[in-house]
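Here the structure of chain A is known, so what remains is to put chain B in place on it, guided by the hints.
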Amino acid sequence: MAVAIETARPHVESSSAPAALRLQGLCKVVKTGFWARRVEILRGVDLTVADGDVFGLLGPNGAGKTTTLKVVLGLMRATAGTVELTVPREQIGYLPENPYFYDYLTGEEFLRFSGRLFELPSQVRESRVRGLLGEVGLEEAAGVHLRKYSKGMLQRIGIAQALVNDPSLVLLDEPMTGLDPIGRVEVKSIIEGLRRRGRTVLFNSHILSDVAELCTRIAIMKAGVVVWEGSVESALAESGDLERFFVRQVNG
Amino acid sequence: MSRVLTIALNTFKETIRDRILGVIVLFALAMIVGSVWLGAISLGQAGRMMQDFGLVAVTLFGLVVAVFVGASLVRKEIDKRTVFVLFSKPLGRSEFIVGKFLGLCATLFVVTMGMGVFLFVAVWYVAKSPQPDLLLACLLIYVQLVVVVAVTVLFSTVTSPTLASVLGVCVFIAGQLSSNVLSLTRLGHSPFVKAASWVVFVVVPNLSAVDIKAAVVGEQVSRPATLGLWVGYLAAYCVVVLLLASFVFRRKEF
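Residue numbers (the numbering used here), protein chains in the order written: chain A, 1 to 252; chain B, 253 to 506.
Extracted from the complex, chain A is given alone in its bound form:
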């Protein structure tokens, strides 16, 4: 049986820039358990990520953030609603939450493998692999098998594989999870670099200080719907502090 939750009309401040990604009325219902109980994970998600935005998708656990990304990527099919992507599939990069990669490959082999899936010419592939290993600080561990990588190193190689096609839209699911302060600084500088190069970034995170620092716009999800969407400045102007603002939106 589906659980019905009443939600107020969300606050939405639209952006003037053209959209890189637009979700309209996105719903996802899954059937679980022996009796195929219907569970609504997404209940009409409306979201617009403008070209060049660094967009933070926030929400408590179970709000539907990861499912939203999976539907965008086609890993799951939407029950209803539409996903409009203005960039081709070849121009999307994705880092899943708590990523696991082939541990029998070395970091370098794994990046080459990722590049081959995009059918990058070998010269381009090799230069990207070299460049990205440097960018995520794994040059010295390039020849080490991934089974010997720490969680932080896996996260960094995960970001590198998400960027191997030089994407114009980057989707990152909890990119700061499991990173030590130095790792977090490195990942933040990678996201900063993407913003400077005009790339669109959509990421989920629970670390609100990072969101405040990096994002131009945010959306807050609760129980499968977006309850607030707007600029970080507006959120800060309303509450002075993103954490307080987030709690008020989720509990309010």
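Calculated directly from the structure, the hints in this document are not laboratory data.
In this text, a Cβ means the ideal position worked out from N, Cα and C, and glycines have one as well.
There's no promise every hint is true.
Capping the alpha-carbon separation at 16 angstroms, the derived lysine to aspartate or glutamate pairs in EDC-like fashion look like this [stated by the list, open to error]:
{"#": "1", "chain 1": "A", "residue 1": "Lys148", "chain 2": "A", "residue 2": "Glu97"}
{"#": "2", "chain 1": "A", "residue 1": "Lys188", "chain 2": "A", "residue 2": "Asp210"}
{"#": "3", "chain 1": "B", "residue 1": "Lys332", "chain 2": "A", "residue 2": "Glu108"}
{"#": "4", "chain 1": "B", "residue 1": "Lys328", "chain 2": "A", "residue 2": "Asp103"}
{"#": "5", "chain 1": "A", "residue 1": "Lys31", "chain 2": "B", "residue 2": "Glu505"}
{"#": "6", "chain 1": "A", "residue 1": "Lys151", "chain 2": "A", "residue 2": "Asp166"}
{"#": "7", "chain 1": "B", "residue 1": "Lys265", "chain 2": "A", "residue 2": "Asp103"}
{"#": "8", "chain 1": "A", "residue 1": "Lys31", "chain 2": "A", "residue 2": "Asp51"}
{"#": "9", "chain 1": "A", "residue 1": "Lys151", "chain 2": "A", "residue 2": "Glu119"}
{"#": "10", "chain 1": "A", "residue 1": "Lys151", "chain 2": "A", "residue 2": "Glu90"}
{"#": "11", "chain 1": "B", "residue 1": "Lys265", "chain 2": "A", "residue 2": "Glu97"}
{"#": "12", "chain 1": "A", "residue 1": "Lys151", "chain 2": "A", "residue 2": "Glu192"}
{"#": "13", "chain 1": "B", "residue 1": "Lys504", "chain 2": "B", "residue 2": "Asp385"}
{"#": "14", "chain 1": "B", "residue 1": "Lys332", "chain 2": "A", "residue 2": "Glu97"}
{"#": "15", "chain 1": "B", "residue 1": "Lys265", "chain 2": "A", "residue 2": "Glu108"}
Which residues of chain B face chain A? A few of them, derived with a C-beta cut under 8 angstroms, are [unchecked claim]:
{"#": "16", "residue": "Arg269"}
{"#": "17", "residue": "Gln297"}
{"#": "18", "residue": "Thr478"}
{"#": "19", "residue": "Phe506"}
Below, chain B without anything else, positioned relative to chain A:
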């Protein structure tokens, strides 16, 4: 096509670098070497005993690789969530299935033909004369195992690895008996039995058609002309099974 080859190459690396594969191959080689002892107590039939025993070892250990590795190939990618990374890239579901299949087929080729060459050399040493038919027999065992891989991959897209392995073994055994089922269609008068036998014969791959183990040890005469046709039939069978597996896998959500 290059994405299919990328997945195939990665699967080949994955399976070849798996320590379990090494253990299986060592067991098989030990069994072939052990058959020298059987030859010693078989009164002048040492070469034949070794061929017989060796071909069974190649089949059995090849089957273990085909079924157990084949059953976990797709499941492992889902359980370890590497599919998220794969399918966020422009990789089609059918490209993935075909790539996985080809990768394991490459590993299986190295394993069965490696064991086959070892057996060929061992028999040559014991019987003092080369037996080239042994290599052909191993190649045809490989063809049978390729069909088992395709069927196991199909099962693994709809069920657990354990059940997929069991079903893979069942198909292999049923495939050895498939031609017996066909003979049922010529016996009796019940149209129902005849129809049911035809259905079973069409659904279950006729693996025994390319089994030349008996011919190699001189118990039967081989028919090389029809072998090519049966290999073609099994290749077509694999294509149909992989199309089915791709269809099922395309509907999966992660």
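Structure-based check of all given hints:
no.: 1; hint: A:Lys148 with A:Glu97; in the structure: 19 angstroms, violated
no.: 2; hint: A:Lys188 with A:Asp210; in the structure: 8 angstroms, holds
no.: 3; hint: B:Lys332 with A:Glu108; in the structure: 20 angstroms, violated
no.: 4; hint: B:Lys328 with A:Asp103; in the structure: 12 angstroms, holds
no.: 5; hint: A:Lys31 with B:Glu505; in the structure: 12 angstroms, holds
no.: 6; hint: A:Lys151 with A:Asp166; in the structure: 24 angstroms, violated
no.: 7; hint: B:Lys265 with A:Asp103; in the structure: 11 angstroms, holds
no.: 8; hint: A:Lys31 with A:Asp51; in the structure: 35 angstroms, violated
no.: 9; hint: A:Lys151 with A:Glu119; in the structure: 28 angstroms, violated
no.: 10; hint: A:Lys151 with A:Glu90; in the structure: 27 angstroms, violated
no.: 11; hint: B:Lys265 with A:Glu97; in the structure: 25 angstroms, violated
no.: 12; hint: A:Lys151 with A:Glu192; in the structure: 22 angstroms, violated
no.: 13; hint: B:Lys504 with B:Asp385; in the structure: 44 angstroms, violated
no.: 14; hint: B:Lys332 with A:Glu97; in the structure: 12 angstroms, holds
no.: 15; hint: B:Lys265 with A:Glu108; in the structure: 14 angstroms, holds
no.: 16; hint: Arg269; in the structure: 5 angstroms, holds
no.: 17; hint: Gln297; in the structure: 44 angstroms, violated
no.: 18; hint: Thr478; in the structure: 41 angstroms, violated
no.: 19; hint: Phe506; in the structure: 5 angstroms, holds
Of the hints listed earlier, those the structure fails to meet are numbers 1, 3, 6, 8, 9, 10, 11, 12, 13, 17, 18, in rising order.
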